[in-house]
Amino acid sequence: MNMIASRYRINIRKDECVLCKRCVRECSFGAINFNSEKNTITLTHSKCVDCQRCAALCPREAIFITRNQNTYANNHLYTANTLNEIYRQSATGGVLLSSMGSGIGSVHIYFDHLLLNASQVTNPSIDPLREPMETITFLGRRPRHIERGKDGKLVDNLPPHIELSTPILFSAMSYGAISLNVHKALAKAALRLGTYYNCGEGGLHESLYEYATNTIVQVASGRFGVHERYLNSAAAIEIKIGQGAKPGIGGHLTGTKIIGDVSATRMVPEGIDAISPAPHHDIYSIEDLRQLVLSLKEATSYTKPVIVKVAAVHNIAPIASGIARSGADIIAIDGFRGGTGAAPMRIRDNVGLPIELAIAAVDQRLREEKIRNEISIIAGGGIRNSTDVVKAIALGADAVAIGSAALCALGCHICASCHTGNCAWGIATQRPELTNRLDPEEGADSLVNLVSAWTREIKEIMGGMGINSIEALRGNRLALRAVGLHEKELEILGVKYGGE
Amino acid sequence: MKTIDAFKLNEEELKQEIRNNQDIEVDNCLGQRYLGCALKEGNIKLVGTPGNGLAAYLDGASIYVKGNAQDAVADTMNGGLVAIEGNAGDALSYAMRGGKVYILGNAGYRAGVHMKAYKEKRSLLIIGGCTGSFLGEYLAGGTIIVLGLNCKPGMKLTGYFCANGMYAGKIYLRTDEKPVNLSDKLEFHKLDRDEKEEELRPLLEEYARIFHLNLEEILASDFSVIEADPQKSYKQIYAAV
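Protein sequence lines correspond, in order, to chains U and A. Taken in order, the first sequence gives residues 1 to 500; the numbers are from my numbering. Taken in order, the second sequence gives residues 501 to 741; the numbers are from my numbering.
Please note that the accuracy of each hint is not assured.
[Unchecked claim] No farther apart than 35 Å at their CA atoms in a straight line, the calculated lysine-lysine pairs in the DSBU-like style are these:
1. A/685 x U/257
2. A/515 x U/150
3. A/515 x U/370
4. A/502 x U/257
5. U/153 x A/508
6. U/257 x A/515
7. A/690 x U/153
8. U/47 x A/735
9. A/678 x A/690
10. A/732 x U/47
11. U/21 x U/370
Keep in mind that the hints were calculated from the coordinates and are not lab data.
Next up, chain A with everything else stripped away, as it sits in the complex (with noise of 0.2 Å):
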């Protein structure tokens, strides 16, 4: 693997040696916005803190960043991943149709905001922290999953308006608090052991490897899913002229 030191270069030079090395770690990552953007191969490790955009439309590269991220990570992803051994800001995973996304800390507002799934591509998005307002609004398929692990005491998993106008998709939660004002045409229920074990566990196993968690710990607690009432869609009533 090639090491190069993201200091010493430019940004356009460093999106440069990012594109054309397969295998590549990058030290003193600092605010450079779209790494990996668009990029279907390659494992690229940053080490620091990566810009807004990081991995916009990743289509099949690996990205682990040791750091935290900034802004519209994975934005329009369609295929790969992208773990993030930190934090990540808002608008997190918008629109993300295919690949995993895994945080170990917190995400910002906004997170998971019409993900999709189509046929094999099924997004998922992991976050080990707690997230902000408006997580999987809009969620139109895929897979969001909020942890809670190492927050700080008091503070919730989700914020305001958790899931408004989602139609299809599930949010897991490892908590069994109902999250703030969820909207009335959403279902909210604990899962039982067997739906943690056949639901839950596949998902969560890579997520534990990747950041040396105890997933028999995580998986020992409560988790709730939210999903979209069918019997009760957004749908508006119009009166054709």
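In isolation and in its complexed conformation, chain U is listed as follows (with noise of 0.2 Å):
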């Protein structure tokens, strides 16, 4: 007996459907079957995830999945969800597993509580179109002091940074989470762009060498990958302690996914597992963590910027304050909705913080002990649009990380099913036949798009508001006001609320 209720419901409207089976060889999940027998499409309506390959891919737009109709008993504590989850583990004994960032609505979405300002009257907005507007964005080390040579001219004491033609990275993503056909989309979209891609802690595949000025590399605690060439190669190198979709936890791609390439990258034999011990067993403290990057950096001529993930969690502003006297450039906060390839359920729905909880806590942290100038942060883990961007910065990132939003370009749909490997759209597998599904330079062409549009709207956002620079947005927290919050989170993210 299975007392699990399907999900959803696949349907197809008969007199439109042809039989051309396009869905029934899209479906990765095994939900679309042919009979050919009785000549006729086979359902399992219990393996749909709801990924949308095959009604998009219906040339005659048959298909359509809902809801699986059958319900519950309606019970506020005992929804769907959770009783679907008890009889998922009774069943198994097993830890629920699952993917992507966390949807889960009863957290606020912060972003959508602030609303932002424009110029009226007393003092002028800018047209963007047709008036110079900069989003270029500097991330790195800041010099303390201005020193000027005996001959009275400027002397150039930046420490190593990145520079960025937009405030828009894309988040670590590592291969083997991610097909290399996505790795290479954003390298390509990257480079095209002015921006970085990061490569995560599987390694920097022997193909994505020629893009290493916009690649940023990580060093995560399995250190897969990782030796000379590969830190040399890189514009930026990134410490990986956490990320917001289960911080604390270690990485496992087990041994089934270390084959061809993905073995090579990590360089790990074959049909091993390749753990991510949960910390970096050399890391216990921050005086350790500060050998890190000084080694790094040591590795690497002090000729790049070292950067410092770790996942937004309680103490997140001391920690932030800790990494920025650790010699690290730059800090990435990964925010509670960040995604992941694969991840504890509860884990990922219970543990760390929003991110424009930590933006905030981290800004105010590092500008009351005057160290704010000596890091520059990253904000990630639940950026979907411009406009999420824009209230980032406001709050005091200097420059934010899309993952999940990078994907839905290349054709993600959010099932959550990552974990499965079966991804229908080509993006989290290593099934040749489904990764050959995304064609890298299409890929690059979307996601060059989506960031371009962007950009576009932030300089319209920042026109509105009579702001010309990227600069002059970051940490202007005036330009916010709150709606529906309580007066614990206005003191927080440092904004007034509607009116005041």
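Quick one: dock chain against chain with the hints and give me the complex.
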């Protein structure tokens, strides 16, 4: 007996269907099959994850997916999801595993409670089409003093930094979690946009070294594929301490996925599990972190900025202060809603802090300690559109990182089935017949379109406010007003209520 | 071979000298960090006590220390040789992938955590004395050998939680005594004569030669090996949502 009712129903309009079997070929979850004896399409609703691949590719638009209308007894405490989780665990004894970022509704999406300002009468707004509007963003440590040589000319004492044409980067996603074609699309797009993608902790594929100028390489607890050439090929190096979807949790890529190029890129033998220990076992303190930061700088002759990526957790402000003092140039904070290729569901949905609170708390703390200029902040974890970008920067971030939104540009429909390895869009899978579905060139075009569109919108929003550079927006909380939040939230966000 | 005096240089000048000279002896080392970081070639002799992070990301060079080393030696090392004629501190050879690290004396806590091997890269860590707790945790490949030479009476070769989470590679101990609280997911057995000759002798030859030790005497003792039991993996049970 299966107590779990199917989540979705696959509906095919019989009168529209021409039996072309496209949906059968496209469904990688085994939900749609063809019965050649009866010459009919057979559906296994329980296998459907609502990835929308069949619906999107049906030439007759004959397919639509609905929620299963079968309903459990109405109960606010024991909802259908809650019951299904109990049934699943009582049947298997297993830890619930899911993917993507947390989409639970009970935690505020603070971005949606923040409204932006605009200029009226007392200061002029700016038309970004006809007037200069600066979105170039520099990430890295700022020098404490201006130095002049004996000739009175400025001495270039700028520590290593990276320059972004727009304050948007692509988040770290590893080869193994996503396909090589996705990495290629991200790399090509980053190059064309004048920004950066991050190869994640699975090493850098040989074919991607040519995009080194736009690559951030990651050093995580597993140190997979980390060596001198890897470090020196990148524009910046990121030490991954944690990620928003699973703070405090290590990684485990099973041996079955460590094949071919994934094995070669991670530099681990085929078929053997790749474990990323939960902590770096050489980092148990800020002092230890400083040692890794400096040894990475030493290995790259102090030419590259070092980023430290942490999940937004309860003590994020003092942690960020420690990171700023560790010698790191940039801190990347990944919020509660950050995505992942696989995470225990309870961790994903219950651990960490929304990125909005984390940005505000960290920016405030670093300002109070007078070290805000010692470190740049990249904020990630649930950035969905250009206004999220603007609000994150106004709260105190220097730039934002997008992962899930970038994958959506490549076809992702947030069905949260990455952990199955069956991604029908060819993104979170290593199955060749599926990864072939994504063309890196077309993917790069979509990513360039998305980020360009957001950049246009950011310029328009800034212009409306009468601001003509990202620099002037950063930490400019007067550009924000809140609605529907209580006083403590306003205090932490450092934002006034609408009408104040 | 050029010889320089670390007392007469600041840390930056010292590192520059090491980077620029293939063969160099540095006297009076005293806590200077990150020496030999990511070096691809050269023979470096350090006299004294180099500081933390010695030979991090080492990529082919040879480093000989006449003295003790501190923490985080050979972090993420990829190739080359590090020989320390003394003791080493904590977090030795973390995530080391290739090359050899030879310690004549003792090592601290967390030695050889998450060492690996890949194709021709086979990391090898040999510790002449004893080690602290957490030796070889998460071992993912490569070989660790602990000899227990010249240890104080009553001192054990390894501390607590030896090889916890280990899933590949081998740890050889010059004893027939099982480490305390060894995980039941690991196999522990005594080596027979053939195993010692075929597996251990080739691994120890260079070590004995470098430190002028009598290999026959070392090999005359009992040895045991710890390996992961493939039947008992650490698999978490998941229920995909």
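Evaluation of the provided hints:
1. A/685 x U/257: holds (23 Å)
2. A/515 x U/150: Judged against 35 Å, a Cα distance of about 29 Å means the pair holds.
3. A/515 x U/370: Judged against 35 Å, a Cα distance of about 32 Å means the pair holds.
4. A/502 x U/257: Violated - the C-alpha atoms of residue 257 of chain U and residue 502 of chain A are around 50 Å apart, more than 35 Å.
5. U/153 x A/508: holds (33 Å)
6. U/257 x A/515: Violated - the C-alpha atoms of residue 515 of chain A and residue 257 of chain U are around 41 Å apart, more than 35 Å.
7. A/690 x U/153: violated (72 Å)
8. U/47 x A/735: OK: residue 47 of chain U and residue 735 of chain A at ~25 Å, within 35 Å.
9. A/678 x A/690: Judged against 35 Å, a Cα distance of about 9 Å means the pair holds.
10. A/732 x U/47: holds (31 Å)
11. U/21 x U/370: This hinted pair is violated, its Cα atoms lying about 64 Å apart.
Going through the hint list in order, the structure does not satisfy hints 4, 6, 7, 11.
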